[in-house]
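A.B. asks: Below are the chains, spelled out letter by letter.
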Amino acid sequence: MGLSVKILSLMVLLAPLVGGVISGVFGRRLRPRGAHFVTITGVLISFFSSLYLSYLFFFDYAVTQSFPLYLWATSGPYHFMIGLLIDSLTVSMMLTVTFVSLFVHMYSIGYMKGDDSEPRFFSYMSLFTFAMLCLVMADDFILLFFGWEGVGLISYLLIGFWYQKDAAVVGGFKAFIVNRVGDIGFLLAIACAIIYFGSTSYTDVFAQLAYKSSEMIRLGPGLSASLMTVMTVLLFIGAAAKSAQVPLHVWLPESMEGPTPISALIHAATMVTAGVFMLCRLSPLLDYSPITLSIILVIGALTALLMGLVALVQCDIKRVIAYSTLSQLGYMMMGVGSMAYQTGLFHLFTHACFKALLFLAAGSVIIGMHHEQDMRRMGGLWKRMPITWLTFLIGALALTAVPPFSGFYSKESIIEAVHHSSVTGASFAYVCALIGAFVTALYTFRAFLMTFHGQPRFDEKHQVIQESPWVMLFPLVILALPSVGLGLLLVHLGVEEVSSFHLTELSPAFIGIMCAFYFYRIHPSAADRAKRYFGLFYQLLLGQYGFNEINAIIFVSGIRRLGQFAYRVVDTVWIEKYTIQRISHYFLNISHFIRGKHSGSLGYYALCMLGGVFILIASVCLGI
Amino acid sequence: MYSHFPLLSVLIFWPMLAGIGLLFIKASFPVQYVKKWAILASLAELIFCIPLYQHFDLTTYEMQFRETHAWLPMFDIQYALGIDGISLALILLTALTTFVVVVASCQLVKKNIAQYMAAFLIAQAMMIGVFSSLDAILFYVFWEAMLIPMYLSIGIWGDQQRSRAAVKFFMMMFLGSIFMLIAILYLHSVTHTFEIEKFYDVALPVSTQLWLFAAFFIAFAIKLPLWPLHSWLLDVHTESPAGGSVVLAGLMLKIGIYGFVRFSMPILPVANKIMAPLMIVLGLIAIIYVGIMAIVQHDLKKLIAYSSIAHMGFAVLGCFMVYSIIHFTGDHFEAYMSFEGAVVQMISHAFNTGGLFLAVSMLQYWTGSRDARDLSGLAKTMPVFAVFFYDFCIIECWFAWYFGFCW
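Chain order of the listed sequences is P and Y. Going by the numbering used here, the first sequence opens with residue 1, and the numbers climb by one from there. Going by the numbering used here, the second sequence opens with residue 1, and the numbers climb by one from there.
Honestly, the hints are just simulated from the structure, not real lab data. Since this is a predicted model, take the numbers as computed values, not measurements. Each residue gets a CB set at the ideal place from its N, CA and C atoms; glycine is no exception. Be careful, since some hints might not be right.
In silico contact screen, one side only, chain P against chain Y (beta carbon under 8 angstroms); selected entries [claimed, not checked]:
| hint | residue |
| --- | --- |
| 1 | I195 |
| 2 | P524 |
| 3 | D528 |
| 4 | G558 |
| 5 | I559 |
| 6 | R560 |
| 7 | L562 |
| 8 | G563 |
| 9 | Q564 |
| 10 | Y567 |
| 11 | I575 |
| 12 | E576 |
| 13 | I580 |
So the derived label-pair ranges between C-beta atoms look like this [claimed, not checked]:
| hint | chain 1 | residue 1 | chain 2 | residue 2 | range |
| --- | --- | --- | --- | --- | --- |
| 14 | P | A210 | Y | D57 | 37 to 45 angstroms |
| 15 | P | G222 | Y | Y365 | 53 to 61 angstroms |
| 16 | P | R595 | Y | I39 | 44 to 52 angstroms |
| 17 | Y | S324 | P | Q208 | 22 to 30 angstroms |
| 18 | P | L588 | Y | Y53 | 43 to 51 angstroms |
| 19 | P | P221 | Y | I178 | 42 to 50 angstroms |
| 20 | Y | S324 | P | G485 | 54 to 62 angstroms |
| 21 | P | A167 | Y | F24 | 26 to 34 angstroms |
| 22 | Y | F24 | P | R560 | 51 to 59 angstroms |
| 23 | Y | Y53 | P | F67 | 30 to 38 angstroms |
| 24 | P | R595 | Y | S189 | 31 to 39 angstroms |
| 25 | P | S584 | Y | S189 | 28 to 36 angstroms |
| 26 | Y | S324 | P | S224 | 17 to 25 angstroms |
When you get a sec, could you build the whole thing from the sequences and use the hints?
C.D. replies: Rendered as structure tokens:
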């Protein structure tokens, strides 16, 4: 065996941390090259350790291991141990995270070239990798939550990386706030675990599931729900914010203001899938709550369909991919909701590869076009950027779920699982999933054709468009490999069952691709006609169903108004002016009154004294 | 076990003497010696805390490091000191915060620096006195004496409206103290002693308890400050110098909580239990209502001031939820946890709010403005500062860490 699993997993976990800290602290002295070296070495160590670990788990049949690291806190009878749990699920997540992270690091050398805070960027990315690994390797809610918050924080920092751009700062802020909403749910779920299970460790919680499952919680007068339902719904709120499910999805499109490698690493491959991962990790809890499963299934289906439709009308290449990420996350949630956790995870892995690939290819286009992101000003790029074109095509085919690309196996198995699921709402989800598959193909190939084919719509004379450097292309090529073959490989290894080819599930994708060709290659005018024909619907999609407006009206300006009212009226006027200042005025008036009596006239004093003496004598005489 | 060395007295009198010494030096004395002296004095104080921590016995809830001397025997007043876990934590916090304030003030203060340092050293002495007295009158003396250096620091080194803020601060504080004094004197008339621990054994009728609770409530709620008695805090924070804000937010607000824990809760158990729902509601108002007000502030100092009211709301919530948790679930462990959460909240708030106030004061010193609308793109020119500023803000956001467990 050589290295023990514990040492290996600690290496996986800590190497990016060390790299990130060094690059962050000594960034100025290291210069960009030093920062590249340090962080990439860290992630490389991490990647190879997880590779070896996965060899141990998948070929050498290592057993699930959990080991405590240290005691974080004790409070009364509760001991909060921090520990790692290494099983095949963890290992596959570790491998995915470190794999994508490694190549995104490498790609960023090219993408971020010339930016004056490169060390900061690389430091954040390594720290992000560390936080994400904490999240996946955790053995308890505490470390899970630490990683959860850590990835959220670094996502915020990286979205706002170009802090000179107002939109970037606002996008980061939005991501942070929406994620806080989910964190409240997650925190309350952890509180439930402590109160009802007396522990934050997964093992302890799962062990008590059987006899805690019938426990009821009183939520309010005349309203009660089973413990499992409450807890899983709270967990799902957390997962929905992190994995950007309707209606907490609003932050993900805004997050595209960050640098593109970040969109690939954080907002496609790893962080946004944390919610799905968390639900799968805690799936024994979900099994006890059919209500939550239905909620997850329906929300996932809605996200998959609605967000896919929005992607149809976007013109920014990154936003198309962002909405497609939302839609694919919806598919993963559907997998979880139909109790086929395996399929959700399978899609998570394949999606991580092909979506990172798509984002990086889009980044390559953006760099090639000199930071132009609008697809209406692209076109005909395939001749100029052949490798980017090819890798984008592979990513697109995988996303569209064309056999034998990896996306086909995973999406196919999700749709199958939803089809055969007995969870309430499954038939609705099945319809959504099929329409969603069609929509996916349509928007993917729309973006592909608009970007790479047709007449160039940019100023050819003044712009030199050329292929990106190899340091960017190499990660694309590497990521293209699993996008093609991961599904096939896993099926071959027997990790996944072989899916049969169902015509109902395959045809939407092909029809979608054909429609895209019809609208954007053969009959470009048909697209405009369709736009006019479905005018209202088109506007609805452009406005993204008004989620942003609703948030702006209810939450943003509502709370601001409330705050202004509280500050300007209640605090400044009622409390300050009418109460405190009035009291001080009373005292002032009293002293003014008394001061008036101290006039200095002796006659007046004598009169008062005389009066006082009379009253005194009178009271003594009367015996009061 | 217990060292007989009067460590607590040293901790109180060392900064006091060091501060008084600073008051007597001539104006022509070189400034850099004044700065060095102040830094050394506060560093020494910090070092004196090390044996305090080392010899503290964590396994017992008894008072430790006791010192008892007769002071005014004809009035039953003693000079009695002693600490338990909460006092220990707060004393360490005081020593550390004062050190930081002294170091930071070397840069930020230009005028009358010797007197400024003296004010903070004396304030530190008084606060450590408050946290370690076991005699009610001694407690009261320290409590009042603390106001003098704070009042002066706001009134002399503050912004334009400083004298108004200083007077308001003093008046509000004094109003509270008077009620506390009445309550203490009443307790003395019942028990014929001023020892705080003897007060714990008295069983008072419920109506009396409620009256006493009202008196203590006014004193401590103003200090905290609880809504709606919070209006002084904003004026004071916006007007006071950097060190003033840090000490005020980091330490003085905690004295309110400390007062509840040391006096109100153990002496008046029934009244506190009856009033717990009220306190919880006030805590929640502080968190939500004041939090919403913080959102609309442009002045960074006001924003932080409001957020510290909200944080103190959490601490109050944690303390008083103990009663409702025991009432509803009977689970003492969770109650214990809630209380522990309140204490942790208190300590962490001192660090991050103190840090934020210092940071904003530096911003004001360098840029001349602390209005969020005027400031942007500072990370470019001040990267290290920006990192720390982020840190404090983030810590501020993570207050929920511990509190998720309370409920």
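A.B. asks: A separate judgement is required for each hint: does it hold in the structure or not?
C.D. replies: Here is what the structure says about each hint:
{"no.": "1", "hint": "I195", "in the structure": "7 angstroms, holds"}
{"no.": "2", "hint": "P524", "in the structure": "43 angstroms, violated"}
{"no.": "3", "hint": "D528", "in the structure": "42 angstroms, violated"}
{"no.": "4", "hint": "G558", "in the structure": "10 angstroms, violated"}
{"no.": "5", "hint": "I559", "in the structure": "6 angstroms, holds"}
{"no.": "6", "hint": "R560", "in the structure": "6 angstroms, holds"}
{"no.": "7", "hint": "L562", "in the structure": "5 angstroms, holds"}
{"no.": "8", "hint": "G563", "in the structure": "4 angstroms, holds"}
{"no.": "9", "hint": "Q564", "in the structure": "5 angstroms, holds"}
{"no.": "10", "hint": "Y567", "in the structure": "5 angstroms, holds"}
{"no.": "11", "hint": "I575", "in the structure": "5 angstroms, holds"}
{"no.": "12", "hint": "E576", "in the structure": "5 angstroms, holds"}
{"no.": "13", "hint": "I580", "in the structure": "6 angstroms, holds"}
{"no.": "14", "hint": "P:A210 / Y:D57: 37 to 45 angstroms", "in the structure": "44 angstroms, holds"}
{"no.": "15", "hint": "P:G222 / Y:Y365: 53 to 61 angstroms", "in the structure": "58 angstroms, holds"}
{"no.": "16", "hint": "P:R595 / Y:I39: 44 to 52 angstroms", "in the structure": "48 angstroms, holds"}
{"no.": "17", "hint": "Y:S324 / P:Q208: 22 to 30 angstroms", "in the structure": "26 angstroms, holds"}
{"no.": "18", "hint": "P:L588 / Y:Y53: 43 to 51 angstroms", "in the structure": "49 angstroms, holds"}
{"no.": "19", "hint": "P:P221 / Y:I178: 42 to 50 angstroms", "in the structure": "43 angstroms, holds"}
{"no.": "20", "hint": "Y:S324 / P:G485: 54 to 62 angstroms", "in the structure": "59 angstroms, holds"}
{"no.": "21", "hint": "P:A167 / Y:F24: 26 to 34 angstroms", "in the structure": "59 angstroms, violated"}
{"no.": "22", "hint": "Y:F24 / P:R560: 51 to 59 angstroms", "in the structure": "53 angstroms, holds"}
{"no.": "23", "hint": "Y:Y53 / P:F67: 30 to 38 angstroms", "in the structure": "32 angstroms, holds"}
{"no.": "24", "hint": "P:R595 / Y:S189: 31 to 39 angstroms", "in the structure": "36 angstroms, holds"}
{"no.": "25", "hint": "P:S584 / Y:S189: 28 to 36 angstroms", "in the structure": "32 angstroms, holds"}
{"no.": "26", "hint": "Y:S324 / P:S224: 17 to 25 angstroms", "in the structure": "19 angstroms, holds"}
Hints 2, 3, 4 and 21 from the earlier list are contradicted by this structure; the remaining hints agree with it.
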